[in-house]
Each structure stands twice: as structure tokens, then as C-alpha cells.
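Chains as they are written, first to last, in numbering that gives the first Met the number 0: chain B, 0 to 88; chain S, 0 to 469.
FYI, nobody ran anything at the bench for these hints, they're computed from the structure.
Backbone N, C-alpha and C fix where the C-beta goes; we use that ideal spot for every residue, glycine too.
Some clues are possibly wrong.
With beta-carbon atoms standing in for the labels, derived distance ranges [what the hints assert, rightly or not]:
| hint | chain 1 | residue 1 | chain 2 | residue 2 | range |
| --- | --- | --- | --- | --- | --- |
| 1 | S | Gly66 | B | Arg44 | 46 to 56 Å |
| 2 | S | Asp445 | B | Gly25 | 37 to 47 Å |
| 3 | B | Ser7 | S | Glu274 | 10 to 20 Å |
| 4 | S | Asp59 | B | Cys71 | 43 to 53 Å |
Here are the simulated lysine to any residue pairs, SDA-like style, with alpha carbons at most 20 Å apart [said to hold, decoys possible]:
| hint | chain 1 | residue 1 | chain 2 | residue 2 |
| --- | --- | --- | --- | --- |
| 5 | S | Lys247 | S | Ser178 |
| 6 | S | Lys443 | B | Gly40 |
| 7 | S | Lys443 | B | Cys71 |
| 8 | S | Lys217 | S | Gly228 |
| 9 | S | Lys443 | B | Val34 |
| 10 | S | Lys437 | B | Glu37 |
| 11 | S | Lys437 | B | Gly86 |
| 12 | S | Lys443 | B | Glu37 |
| 13 | S | Lys437 | B | Glu19 |
| 14 | S | Lys437 | B | Arg44 |
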Amino acid sequence: MDSLRPASAGTLESSDAYVEIEPSEGGIQIHLESVVLERFGEAIRETVQEVLEELHVADACVRVVDRGALDCVIRARVETAVRRGRGEC
Amino acid sequence: MSKVVKSLREAIALAGLRDGMTVSFHHHLRNGDFVLNFVMDEIAGMGIRDLTVNASALFDVHTPLIGHTESRVVTHLAANYISAGLGRAISRGALEAPVEFRTHGGRPKDIALGRTPIDVAFIAAPAADPMGNCTGRIGKSTCGSLGYAFADAMYAKRVVVITDNIVPYPLQGWSIPESYVDYVVTVDAIGDPKGIVSGTTQVTRDPVGLVMAAQAAKVIQASGLLKEGFSFQTGAGGASLAAARFLKDIMLREGIQGSFASGGITGYLVDMLREGCFRSLMDVQCFDLKAVESLREDPRHQEISAMQYAAPGERGAVVDSLDVVILGATEIDTDFHVNVHTDSNGSIMGGSGGHSDTAAGSKLAMIIAPLFRARMPIVTDRVTCISTPGQDIDVLVTQAGVAVNPRQAELRERLEQAGLPVVDIHELKERAEAITGKPKALPKGDRVAAKVISREGELLDTIYTLPEGR
């Protein structure tokens, strides 16, 4: 698999999410801050996990600062962070 | 004769303030207010405790109140609106006793009826004379209308006017006359002008807001109420102001002159007055400097008390002559109950203000709200807190369609005939959730943080503390 360098995607604007990813050993760690943590926290974690699996990321530390982004936005931001980390974009 | 005393401390002592009493404040200086904080600090310094603070509204600038609740100088709070920062502290359980929320009409009514007696009222006055005649129209801390302070002045056992602008007797054009005032205190500044009134209020540029605003104006046009003598109220929020802009275009184009616009007044409504859209403005609070200037200069722009604005009862109030009011919502449920007290996490961030008063009085009470804000759907099965009962809400305007309260069959028919996209409110909820996902139920804390009291004085709902650790 491609090596991962630290990368980020997104903004801190309302309805967006800011995602940072960096290499890690020993699986996936997700740190989530969200304005809708009580209401959508689990859903956001599941989405992040899913995108990482789809992209075959096995070891990474992901920090998500969510400002109420829709699911599709979170997907896009995580995917972009991963691809940037791999130097694909 | 002069009622000027040499210090605030002397006025408090002369007023006979003791443990367990009630003090009151009005909120025209909004987030620029210095008065509430320095009065409460002085009271704390005098060793007086267990007070009730009854304020028409509280802002984040008043967060030092939390320190006074910790030291038990203040044990009870009552307000019609509490802004988000202070609201969060209250939602975390800063007070043992629940905060009492009223409406802008319910508060003066309860004061007048003696349900919430005030021992000492403190009136922040941008200008006053030595006998206590006072106004908000002039002075470096000018705020315009003093509407919310009238009931306090009329019914409190003792009234202290605090000013940073003492003028020779008699002040011309007073709002509150000397006959209600016991003591006058002069200070360097009653507030920070930057926090008192905004320079200008802006119409939204957000495309979703503009779509909703245009739709709102069409609903008003189709309702049959937009004709000679039309009366109107709207808030200072971006989409509400944009709706006023579209309405103005229609009124000017069709040559309709309305009777009045009421409530909190913005420069935008002043423009509508000057361009002939209304014969009069009924002003309980000025939101910007243009409104302050207009109140000072234009006799058609009239100051009203909170009682005249919104009090319930047989004698009626301005709200009972309202045709249309445009209101906001943080949530609205499928029974049309509206929440404006808490955010979607259950934390206090507002209050009814005149929401339920105008909804109850007007012929058409319209909510403008987007389908969702930052992933939170606006339409829910049940609002976190009922601020205004659904029976008083007639129509919800969103960017995806207009939902009419089933109680208003005739209105629904009119809107359908006008070709407006009328949809069932349940459908709006489903459409939003299809985009956002369904939010998980909100956990509650185990104590009551606030009671919401209806304009008639009855318990409408309770707001719980946030769960531990939030």
C-alpha cells in the first residue's frame, strides 16, 4: 500500500468539516469534535471508518472537526485527506 | 428639589433593598449594558443576598451574574430571553431554582397583577433630569425606545434611574416621567455604544435565505391580508429582513399603504415608513442607529411600552391589531409547536421575547426556517421545548415548500390557488432527514433548569439541565 504522509482537507466553516490524517501504527484512531456530537456523533464515526476501509487505509490517526457537515461532505473531506496524504492529489 | 443621590450604594440603601427581595432591569442596552453588572456588584458588596433578578432579557455581557449565583447573592432569575453564552451556564445547572422565562407581554402583565412584584427597579437611562424624567432618545449611550422599562417603573416599590447624561430640569420628550422615580444616580457610562445598537442591519445574501424570503412575501400576498391598512412585524434576522424587502417591492408597486409595523424596529422598517409603506411605526425597542434617529425625529415613529405592545388580556395590545408576523424557529414540530429557547443540543440560547405574543395576536403567524441548519433538521416529531404553541402558528416557509397548519384550511386553499408549493409538514421532515440522516434522541439532565411560562401566566414547558459532562 502507498505510504501516508500527514495531510488535511476541508474548512472550519459552518456545515463543513476539517479533516487531518497522519500515519499511525496499530489501526485506526478517530478523534471527533462536532457541533452535533450528541445527535450524529456515531453516524460520523461510522462514515469515517467506512471511507477509510474503502480506501484500504489500515493504520492512521484521523482528526475530524465537524461543523455540522452532511454525510456526503464528511465522506469527501476524508477521502481528499487520504488521497492528499498519498500524494494522489 | 432633586432626587440625585451621591452614589449607587446610597440609592440602594435608601431604596431599602434587603435579603430575599426582587430587583429588575430592562435590556435596551443589550450586549453593551454596564448597569446590571455594576448594580449587582454593588449589591454583593453591601452583603445583600438571596435576591431575585427579574430582567426583560439577559445577554452574554451579563455572565458575571453566574458568579453572583455561586455566592448566593442571586438565587432566582427571570427573563424573557437569555443569550447563548449565559444560557449554557444556566443549562449546566448554575442555579438551584429553575429560571423563569416569560414573554414580552406576559412579563409586564405579571408585574402589573402583582404575580411577580418588584422591590427595586433599576432603569438605565441615556438621558435624565434631576427629578427622574428620562428617555433613551438622546445621549452618548442612546438606545431609542425604553419600552420594556415602563412596567418596572410603574409598579416597582422603588425606582432608581441610572444615567450618564444628566440634563437640566425639565427634560423634553421624556419616556418615563418623574412621578414614578425615587432616586437618580449619575455614572460615567451606562453602556458601550458598540454593543447597544448596531450601525446597520443587513439583508441576507444567503441564496437559501433569499428563496425563503421571496416565498414568504408571496405567501403574504396570497393570504389576502396585504391591502390598504396592512400591519406587519418582522425580526432583524437576515431572512426576515429580506422578506420585508420583497414585501416593500410589492407594496410600492401596487400602491398599498399599511397602517403600522411594530416590535423591535430596524432601519429597514424606517425606510419603509419614509417611502410610504406604513403610516406609523410602533417601537418597543430600537435595533440600530437609524431606528433611534427616526424615533427621535419623526412623530410617526412612536414609542410603546411592553404592556401596550404585547400584554394579553381583554384590553388588548398592539399585537392584537397585527395582520402578519414573520418569526424564526430553532425547531418546529409536526404539530407546529415552535422552539426558540434552546439549540438542538438542548442548551438555552434565546427565549420567546415577543414570539408567542405576536403569534397569538396576529392573523397570520409565519415561521421562516431552512429545512436544516448545520445538519440539524428543523422539523421534528416533538420540539425540545415548546416556546410558542402550535395552535398560534399558521404557516411554515422553507426553501423546499410551504406547510400550512391544518387548522387554517382557507389559507391553504388560497396558497394553493396562488400556485405556491404547499406541502404537508411531515413531508418536509422526511425530505430533511433524507439529506441529513435521522438525529439520535437528545439525552437530558436530571434537573429542571428553566420553566417556560406562557403569556397567560401558565406553565407551558420545562427545560432540563444538560447531562453531566457537557
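Structure-based check of each hint:
1. Against the hinted window of 46 to 56 Å, the Cβ-Cβ separation of glycine 66/S and arginine 44/B comes to about 38 Å, which falls outside the hint.
2. Checked against the given bound of 37 to 47 Å, the beta carbons of aspartate 445/S and glycine 25/B, roughly 39 Å apart, stay inside it.
3. Distance hint check: the CB atoms of serine 7/B and glutamate 274/S are about 50 Å apart, inconsistent with the given range 10 to 20 Å.
4. A hinted range of 43 to 53 Å is violated for the C-beta pair aspartate 59/S and cysteine 71/B, which are about 34 Å apart.
5. Between lysine 247/S and serine 178/S the alpha-carbon distance is near 41 Å, which puts this suggested pair outside the 20 Å criterion.
6. For the proposed pair lysine 443/S and glycine 40/B, the alpha carbon gap of about 17 Å is at most 20 Å, so the pair holds.
7. Between lysine 443/S and cysteine 71/B, the direct Cα distance comes to roughly 29 Å. Violation of the 20 Å bound is thereby established for this hinted pair.
8. Using a Cα cut-off of 20 Å, the hinted pair lysine 217/S and glycine 228/S holds, with the two alpha carbons roughly 18 Å apart.
9. Between lysine 443/S and valine 34/B the CA atoms are separated by roughly 17 Å; this keeps the pair inside 20 Å, and the hint holds.
10. At most 20 Å may separate the alpha-carbon atoms for a hinted pair to count; lysine 437/S and glutamate 37/B meet this at roughly 12 Å.
11. Pair hint lysine 437/S plus glycine 86/B does not hold up; C-alpha atoms about 35 Å apart against a cutoff of 20 Å.
12. Distance hint between lysine 443/S and glutamate 37/B is fulfilled; the C-alpha atoms sit about 11 Å from each other, no more than 20 Å.
13. Note on lysine 437/S and glutamate 19/B: the hinted pairing is violated, with a Cα-Cα distance of about 26 Å set against a maximum of 20 Å.
14. Of the supplied pair hints, the one linking lysine 437/S and arginine 44/B holds, its CA atoms being roughly 15 Å apart against a limit of 20 Å.
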